[in-house]
Amino acid sequence: MAAAQTTRGVAGGRKRMRRDVLDASRFDIRAVNKEFKQIPIELMKPGLFQTRRSFKPKALKELAASLEATGSNITPLIIRPLKFAVGYEIICGERRWRAAQLNGFETLLCCVGEYTDQQALYLSGADNIQREDLNPLEEAQSYELMLETGMTQLEVADEIGKSRSHVANHLRLLTLPLSVRDMIGHEQLSFAQARPLCSLSMPGLQIDIARKAVAKRWSSKKIEAEVSEAQEKRKRPLRSSVSGEDVDIKRLREQVVEQTGYLCAIVKTEKGGWQIGFNAGTTEEFQGILDRLGVNTEML
36 MAAAQTTRGV
46 AGGRKRMRRD
56 VLDASRFDIR
66 AVNKEFKQIP
76 IELMKPGLFQ
86 TRRSFKPKAL
96 KELAASLEAT
106 GSNITPLIIR
116 PLKFAVGYEI
126 ICGERRWRAA
136 QLNGFETLLC
146 CVGEYTDQQA
156 LYLSGADNIQ
166 REDLNPLEEA
176 QSYELMLETG
186 MTQLEVADEI
196 GKSRSHVANH
206 LRLLTLPLSV
216 RDMIGHEQLS
226 FAQARPLCSL
236 SMPGLQIDIA
246 RKAVAKRWSS
256 KKIEAEVSEA
266 QEKRKRPLRS
276 SVSGEDVDIK
286 RLREQVVEQT
296 GYLCAIVKTE
306 KGGWQIGFNA
316 GTTEEFQGIL
326 DRLGVNTEML
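Position 236 of the sequence shown, counting from 1, maps to 271 under the working numbering, and the rest follow consecutively.
For the record, the hints were derived by calculation from the structure and aren't laboratory data. Just to be clear, a hint being listed does not mean it is correct.
Straight-line Cα separation of at most 30 Å, BS3-like style, residue types lysine-lysine; simulated pairs [to be verified]: (1) K285 to K303; (2) K96 to K80; (3) K96 to K72; (4) K69 to K118.
Here are the computed distance ranges between Cβ atoms for each label pair [to be verified]: (5) T105 to K80: 20 to 30 Å; (6) S198 to V121: 41 to 51 Å; (7) A100 to R65: 14 to 24 Å; (8) I109 to L169: 26 to 36 Å; (9) S234 to T151: 13 to 23 Å; (10) H221 to L287: 53 to 63 Å; (11) S254 to D217: 37 to 47 Å; (12) A100 to A315: 46 to 56 Å.
No residue lacks a Cβ here, since even glycine has one placed at the ideal position from N, Cα and C.
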């Protein structure tokens with residue numbers, strides 16, 4: 036029953052956001068003077084606030100076929116005049132613009148308005164959230180756009196009909212290292228798989244676990260277990276970390292641990308040299324360290 040209520044809640048949120056964003060009263064968007072007209076495709080360029088970075092060729096071809104069947108775009112693009120050049124910035128509708136180019140269309144129906152940056156941020160974020168094929172990272176980026184308008188997480192959650200924790204948990208994905216975010220963006224990691232990684236403060240370990248999860252097709256439960264084990268290991272004192280350790284060496288050691296995700300010892304020798312050693316608890320961890328050092332063990 037709870038699952039059914041959640042499904043209805045999400046569907047209700049989609050339905051709420053499916054209203055025409057041009058009629059939104061927030062930020063006085065409804066009051067902006069708008070003009071609907073055909074605009075040459077060559078005069079338009081992608082917007083500053085577009086969160087989508089990946090446009091699947093197959094999906095674009097399907098959209099292009101739909102545009103071809105109707106002869107034009109039924110849903111207008113939302114655009115605004117460029118400030119320092121001739122032309123227009125696309126606020127909403129870049130996919131339609133790209134698909135239309137595949138068909139050789141010369142113009143598209145557009146809603147032209149003198150939107151402020153705040154209004155453009157809101158429109159772009161709200162429009163993105165309406166999409167059915169939104170991946171978790173794009174959803175998080177859409178929430179971030181709406182927050183940049185000055186809205187709170189609670190206001191964003193209320194706007195889309197979801198809980199504040201839902202918004203907050205997705206926003207945490209944006210704190211992950213870039214390579215991990217790429218895995219989410221390319222749908223190699225789901226939200227359920229990526230979420231446990233957010234509780235780690237070590238980028239190196241986040242990347243390491245994410246890579247293993249993708250390569251070995253770990254479930255979210257397995258990733259949670261790996262994260263828990265990593266957190267327990269971090270609590271254990273390193274044998275070489277004796278009292279009286281130089282404060283600068285200690286700080287350096289902590290930074291190495293944060294970046295690599297592996298416990299280590301750093302020692303300054305009597306002759307002025309340096310030694311560093313990593314603590315690998317398992318063969319897999321040892322292999323992970325070697326991989327990070329660029330050592331090709333397959334040649335051995």
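Status of each hint after checking the structure:
no. : hint                     : in the structure
1   : K285 to K303             : holds (12 Å)
2   : K96 to K80               : holds (20 Å)
3   : K96 to K72               : holds (25 Å)
4   : K69 to K118              : holds (17 Å)
5   : T105 to K80: 20 to 30 Å  : holds (24 Å)
6   : S198 to V121: 41 to 51 Å : holds (45 Å)
7   : A100 to R65: 14 to 24 Å  : violated (34 Å)
8   : I109 to L169: 26 to 36 Å : violated (21 Å)
9   : S234 to T151: 13 to 23 Å : violated (38 Å)
10  : H221 to L287: 53 to 63 Å : violated (35 Å)
11  : S254 to D217: 37 to 47 Å : violated (21 Å)
12  : A100 to A315: 46 to 56 Å : holds (54 Å)
The earlier numbered hints that this structure contradicts are 7, 8, 9, 10, 11.
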